[in-house]
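Below are the chains, spelled out letter by letter.
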Amino acid sequence: MPSNRSTPALPPAAGNGLLDRRLFLRGGAAALAGLSLAGARAAEAERQPWARTPGAGMRSYGAPSRHEDHVQRLGISAQPGTNGSGVSRTPLEHLEGTITPNGLMFERHHSGVPDIDPDRHELRIYGRVRRPLRFSMAALDRYPRVTRAYFLECSGNSGVMASAAQPPDLRCGELHGLISASEYTGVPLAALLDEAGLADGAAWVIAEGDDAARMSRSVPLEKAMDDGLLVLYQNGERLRPEHGYPLRLLLPGFEGNMSVKWLRHLHVTGAPAMSREETAKYSDLRPDGRARLFTFPMAVKSVITSPSPGLDLSGPGLYQISGLAWSGRGAVRSVEVSADGGQSWAPAHLEPPVLAKHLTRFRAAWQWNGAPARLLSRASDDTGAIQPTRPAWLARHGGGAFYHYNAIQAWAIDEHGRASNAYG
Amino acid sequence: MGSRALLGSVLLAIALTGNGAAPGPGLGQPLSAEAIAAVDLTVMPDGTGLPPGRGDVDTGARVFAAHCQACHGADGGGGPNDALVGGAGSLASAAPVKTIGSYWPYATTVFDYIRRAMPYQQPGSLDTGEVYAVTAYLLHRNGIVDADAVLTEVSLPRVEMPNRGGFELAVEPSATELPP
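Chains as they are written, first to last, in the working numbering: chain A, 73 to 496; chain B, 25 to 204.
FYI, nobody ran anything at the bench for these hints, they're computed from the structure. Ideal placement from N, C-alpha and C gives every residue a C-beta, glycine not left out. Keep in mind that a hint or two might mislead.
Claimed, not checked - Among the chain A residues that face chain B by a calculated CB cut under 7 Å, a handful are:
hint, residue
1, Arg202
2, Met209
3, Ala211
4, Leu270
5, Ala271
6, Asp272
7, Tyr305
8, Gly308
9, Ala345
10, Gly361
11, Arg364
12, Thr455
Unchecked claim - A partial selection of chain A residues facing chain B, derived with a Cβ cut-off under 7 Å:
hint, residue
13, Phe96
14, Gly134
15, Gln151
16, Pro152
17, Gly156
18, Asp213
19, Ile278
20, Arg286
21, His339
22, Met346
23, Arg348
24, Ala363
25, Arg433
26, Gly470
27, Gly472
28, Phe474
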């Protein structure tokens with residue numbers, strides 16, 4: 073039986089121990105603070121080895137504590153015969169807040185990471201424009217910049233959850249870590265397209281990268297002009313090579329592949345190019361054998377990052393459920409959590425600011441009674457869209473589908489507090 | 025944070041995320057038609073962007089054996105990387121096989137992709153005729169063009185792919201139609 077000492081006074085918000093989301097915002101937080109203070113006082117008589125001599129000096133570029141060496145990108149895999157045509161994933165379960173550290177942001181490359189000399193790189197705009205133009209990086213640096221926070225998600229994120237017959241024994245980041253979020257700084261794409269001058273019939277922009285694959289995608293002009301961004305900085309520092317240094321496209325909310333890295337060309341056209349990536353790869357094959365092209369915005373989605381596989385519960389009592397929610401179509405409107413496999417739901421607290429096309433951190437309070445439980449989260453966005461169940465997603469997309477998976481994730485908690493991936 | 029303050033921060037955030045393209049310093053330099061032609065790789069489904077050239081199936085078979093089959097298998101059947109041939113009729117099955125022949129809607133995409141990205145270890149190393157030839161070979165192996173076919177900038181866009189009618193557009197953007 074759980075101890076009564078930690079049982080909060082607030083009434084339950086849903087079945088199997090879910091408590092009011094305000095628990096951690098008021099009295100609950102004060103109680104926890106008191107506990108940690110008591111612990112610190114008891115340890116004052118000791119002086120740990122690291123405090124007996126002066127510590128290390130300054131360094132020119134910092135790195136995480138050596139005690140955090142286990143926090144690494146996950147699930148790194150490449151196609152046979154290559155070392156740079158593949159993915160690495162963000163370890164979502166080890167991170168907090170909403171911004172992904174640059175060194176842990178997921179990667180997806182189609183022919184490795186080019187080592188681009190910015191002094192020899194230029195952006196070219198041509199096609200259906202009145203003035204075809206070239207821009208050196210030095211020139212781009214002089215354009216007015218804006219900073220925005222956005223998520224970026226590969227459309228193949230979580231796809232194994234669609235295709236595997238049994239729930240894969242993987243951790244949160246291994247399943248869902250092809251998403252990250254950053255504070256991006258750059259030049260609105262509209263500014264440069266305006267300078268080039270859109271000509272009659274301009275309707276699409278073919279974006280092409282300066283990698284060995286010359287990766288290319290067709291972007292609707294409407295999107296490019298709306299909130300397309302030419303990114304120079306990510307989380308305050310220059311883009312890293314694996315994220316497109318020195319210049320990448322960012323199309324907020326759209327499938328990640330379209331945000332072409334190492335950007336070199338913007339070819340304005342009247343129609344999509346039907347490139348290999350947008351036809352043969354990132355299209356959605358349905359059960360009837362027909363396929364859908366151009367599923368651009370990433371649909372509303374959420375996942376509980378803690379507890380989750382590898383972050384097991386250490387005994388009955390009070391826990392904070394923490395997770396991420398997002399939508400490529402706008403802002404997260406609500407997140408609900410369930411501790412009883414979806415029989416009952418409690419609203420989670422959304423940590424402000426809740427920004428469109430950015431990650432939203434949600435939290436809920438849970439009193440675990442020590443019995444097996446099943447934790448779920450379900451997000452909705454401000455278009456009214458709600459995350460589907462896995463069976464509902466599969467019924468709509470078919471068993472052969474892989475891309476654009478956004479179904480509700482369940483974590484099973486066993487009587488030992490161990491968390492594992494589960495269906496339903 | 026109270027709900028009013030929370031609402032305020034959300035509204036402020038929304039106001040800041042509008043499209044704020046400010047006037048720029050106008051530093052773009054003119055790009056000549058010749059300079060564009062030298063670097064443009066885009067090939068459209070109607071053939072716009074295809075360079076003049078020609079390639080036949082037999083030549084393509086030799087190029088494929090030398091540069092492609094190590095990754096894509098003898099005759100393009102796949103392994104260790106993508107199968108390029110086969111899969112006809114499999115798309116509606118429990119184990120769909122998406123190849124050039126079974127899935128790709130436009131023949132121009134084959135040329136475009138090979139020219140920009142293949143062979144994997146040495147992209148850009150094939151000449152224009154070799155790209156046409158490998159394209160012809162792969163289309164022939166998929167039963168789409170005859171063994172004596174010669175592909176050029178004129179004939180390639182006319183090749184009708186078996187799965188050309190197998191695609192539809194997601195609702196966004198609404199104004200778009202598939203190219204013929």
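Now for the hints, and whether the structure bears them out:
no., hint, in the structure
1, Arg202, "11 Å, violated"
2, Met209, "11 Å, violated"
3, Ala211, "4 Å, holds"
4, Leu270, "13 Å, violated"
5, Ala271, "14 Å, violated"
6, Asp272, "15 Å, violated"
7, Tyr305, "16 Å, violated"
8, Gly308, "17 Å, violated"
9, Ala345, "5 Å, holds"
10, Gly361, "3 Å, holds"
11, Arg364, "5 Å, holds"
12, Thr455, "12 Å, violated"
13, Phe96, "13 Å, violated"
14, Gly134, "29 Å, violated"
15, Gln151, "6 Å, holds"
16, Pro152, "4 Å, holds"
17, Gly156, "10 Å, violated"
18, Asp213, "10 Å, violated"
19, Ile278, "5 Å, holds"
20, Arg286, "4 Å, holds"
21, His339, "5 Å, holds"
22, Met346, "5 Å, holds"
23, Arg348, "4 Å, holds"
24, Ala363, "5 Å, holds"
25, Arg433, "14 Å, violated"
26, Gly470, "9 Å, violated"
27, Gly472, "5 Å, holds"
28, Phe474, "10 Å, violated"
Hint compliance for this structure: hints 1, 2, 4, 5, 6, 7, 8, 12, 13, 14, 17, 18, 25, 26 and 28 are not met, and every other hint is.
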